[in-house]
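There are 2 protein chains.
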Amino acid sequence: MGSIRFKNNRLFYLDQTKLPLQELWRECKSLGDGYKAIKNLRIRGAPLIGVFAAYNVFIASKKFSSQKEKFLRQLKEAIDYLKTSRPTAVNLFWALQRLVLVVKKNQKESIFKIKSEILKEAKDIHAEDIDLCRKMAGYGVKLIKKGDRILTHCNTGFLATSGDGTALAVIYKAHRLHKNIRIYADETRPLLQGSRLTAWELDKRKIPSTVICDNMAASLMQERQIDKIFLGADRIAANGDTANKIGTYSLAVLAHYHKIPFYVVAPFSTFDLKLKSGKFIPIEKRCADEVRKVLGKVYITPRHMQVKNPAFDITPSKLITAIVSDKGVIYPPFRKNIKRVINRKP
Amino acid sequence: MGSIRFKNNRLFYLDQTKLPLQELWRECKSLGDGYKAIKNLRIRGAPLIGVFAAYNVFIASKKFSSQKEKFLRQLKEAIDYLKTSRPTAVNLFWALQRLVLVVKKNQKESIFKIKSEILKEAKDIHAEDIDLCRKMAGYGVKLIKKGDRILTHCNTGFLATSGDGTALAVIYKAHRLHKNIRIYADETRPLLQGSRLTAWELDKRKIPSTVICDNMAASLMQERQIDKIFLGADRIAANGDTANKIGTYSLAVLAHYHKIPFYVVAPFSTFDLKLKSGKFIPIEKRCADEVRKVLGKVYITPRHMQVKNPAFDITPSKLITAIVSDKGVIYPPFRKNIKRVINRKP
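Heads up: the protein sequence lines correspond to chains A and B, in order. For what it's worth, our numbering labels the leading residue of the first sequence as 81, then goes sequentially. For what it's worth, our numbering labels the leading residue of the second sequence as 81, then goes sequentially.
Simulated from the structure, these hints should not be mistaken for lab results. Hints should not be assumed to be uniformly reliable.
One copy or two, it doesn't matter: identical chains are merged, so the pair holds either way.
In silico DSS-like links for lysine-lysine, alpha-carbon gap of 30 Å or less [what the hints assert, rightly or not]:
| hint | residue 1 | residue 2 |
| --- | --- | --- |
| 1 | Lys286 | Lys354 |
| 2 | Lys398 | Lys339 |
| 3 | Lys388 | Lys286 |
| 4 | Lys354 | Lys116 |
| 5 | Lys388 | Lys226 |
| 6 | Lys222 | Lys284 |
| 7 | Lys365 | Lys377 |
| 8 | Lys163 | Lys222 |
| 9 | Lys222 | Lys388 |
| 10 | Lys284 | Lys388 |
| 11 | Lys365 | Lys226 |
| 12 | Lys365 | Lys286 |
| 13 | Lys143 | Lys365 |
| 14 | Lys185 | Lys365 |
| 15 | Lys339 | Lys359 |
| 16 | Lys354 | Lys398 |
| 17 | Lys109 | Lys416 |
| 18 | Lys388 | Lys225 |
| 19 | Lys339 | Lys226 |
| 20 | Lys188 | Lys109 |
| 21 | Lys373 | Lys184 |
| 22 | Lys339 | Lys425 |
| 23 | Lys259 | Lys388 |
| 24 | Lys388 | Lys98 |
| 25 | Lys116 | Lys365 |
Same shape as in the complex, but just chain A (with noise of 0.2 Å):
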């Protein structure tokens, strides 16, 4: 499983727009093929643009200059140029951060020296982040009672990290633990990674699993068919208040009124502590024709109609039950608890 693979020093990736239906495998070869992978959400998911960003660092290093100050701007261009593919998840910034400590802490080595200790980097990065999905699955799936109904959106699985997920990682442990679950999967409008993506992992691991349209939830909790909430995050401020996939906000508030506890599961690395709360993360606006067709194919509204298409939105902490990461579990107050969680030594 997975959706990048490196090896003999290559890129490969698995094209999530053309799920569920082909399974295609692309290689990165440039680091303009890797922006628009990552712009065009060919691969997405927070945490693994973070791992596949790296990796195309030293994919590209690999036509740079062979003169060492150029190399370096080269590098630097490359590293900021990656970091304006997409604004909100903030596991893209954290990783090539620690790209740019490791060339400035090599800049008087060797060229050669300097991209092995790039590519040891990414896959340092690669390896944690399939480790720190198992931790927050062995914290997560605790939550999870026998005979649990769970709903989830977009996708946060092992398409959408190195390793097993972050909020789908629970429920695969819960399953593996046979607890009976089932999953509600919102199909997530616009680009539909519930229906392509969820889908596709849960119906592959075999795990009972329905698809509903995101206007369905709210029914579904009112019949008292939804029993928790997980799903993932693109950025948490140090208050708790949560940017994830639009949509996310509204089942927060739906949980809210139907007193269905509301989890959020991410790595460290996706917390940004500088940000006092929620108000000051970025919210990529992506393009109207996402919303006016369908997969790039079929038009759903007059052509030339006004849309709007926030990629994600903000949930406030006070709606969120507990977040789930590597570390631990964290619960209110957030504003204290989570500088005291995510801070602690491994």
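Once you have looked at the hints, place chain B on chain A.
Just chain B now, kept in the frame of chain A:
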């Protein structure tokens, strides 16, 4: 405007499944034609299917026996058959019931006379529907202030009624009165009546409007970009509980949380005072492929994926600010006031 035409004793309708990209008029030539048109949502909208079904009985009757007893039996069977086309919207039953009474009253008359009385009743239902729209618009427009930004769901305009609509008629009137409104239209998955039909109508009428995915509504409310919600109904119980397009209940909870007024607009024929509460309203479950595919064309889930597809949900009356009817605006307590207003003599 309008999406049905009765001319030279022939019934034509605009195939709503082809909008917004194609304006295709079809003729309804038989009972089966009409049944399928309603069932497959080529013709839809609670008030409109009542009008259409009434005309359809007349069209069907052209081919019935010239032997009186058999004719009456065929008529009854046709009416009973049409009642099974869709279970939730009560206007269908209400219109067909009017024909039952007309037939009963004229059962001693000639076949020719009975047919002409059926046609007269269908035309009356049609004319009344136009008038009801005008009256709802007149009452509802008083609830709209200059500059209001209004969210609506599904389609409730001249494609859903014979006149200007229910909720959209209110919006059209506010626009004619230069109230400087902006409309946000939920796309309304799975069948996209918002992005396909409401957007098409608003575009035709040149009203400033924006289509959003259903899961974006909460985020707009959070940003204080929605002042009011206006939408229609398929059936309203005696206590005000309202069945309407799936996603309505979600909006009602979100509006309640954000303290945004939530208005339902429906004519007296949408009320079903025999039903004490919403829990007695039957909810139509539609086929899985409506969720698995978009517009019958593009698969957005694994092909065999399990899905839910309830066409409607029930909004408890405690979440409704007021119901705008053709007899006036009805405020809580609904159980008392619905009875008083709806039974008011014209």
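Going down the list of hints, with the structure as the test:
no.	hint	in the structure
1	Lys286 to Lys354	neither (41 Å within a copy, 46 Å between copies)
2	Lys398 to Lys339	both (13 Å within a copy, 18 Å between copies)
3	Lys388 to Lys286	between (36 Å within a copy, 18 Å between copies)
4	Lys354 to Lys116	within (28 Å within a copy, 60 Å between copies)
5	Lys388 to Lys226	between (40 Å within a copy, 23 Å between copies)
6	Lys222 to Lys284	within (24 Å within a copy, 55 Å between copies)
7	Lys365 to Lys377	both (20 Å within a copy, 27 Å between copies)
8	Lys163 to Lys222	neither (36 Å within a copy, 51 Å between copies)
9	Lys222 to Lys388	between (39 Å within a copy, 28 Å between copies)
10	Lys284 to Lys388	between (33 Å within a copy, 20 Å between copies)
11	Lys365 to Lys226	between (40 Å within a copy, 29 Å between copies)
12	Lys365 to Lys286	between (35 Å within a copy, 25 Å between copies)
13	Lys143 to Lys365	neither (32 Å within a copy, 58 Å between copies)
14	Lys185 to Lys365	neither (36 Å within a copy, 62 Å between copies)
15	Lys339 to Lys359	both (25 Å within a copy, 21 Å between copies)
16	Lys354 to Lys398	within (19 Å within a copy, 42 Å between copies)
17	Lys109 to Lys416	neither (44 Å within a copy, 71 Å between copies)
18	Lys388 to Lys225	between (38 Å within a copy, 24 Å between copies)
19	Lys339 to Lys226	within (19 Å within a copy, 37 Å between copies)
20	Lys188 to Lys109	within (27 Å within a copy, 85 Å between copies)
21	Lys373 to Lys184	neither (45 Å within a copy, 51 Å between copies)
22	Lys339 to Lys425	neither (34 Å within a copy, 44 Å between copies)
23	Lys259 to Lys388	between (40 Å within a copy, 23 Å between copies)
24	Lys388 to Lys98	both (24 Å within a copy, 24 Å between copies)
25	Lys116 to Lys365	within (16 Å within a copy, 41 Å between copies)
Checked against the numbered hints listed earlier, the structure breaks hints 1, 8, 13, 14, 17, 21 and 22; every other hint is satisfied.
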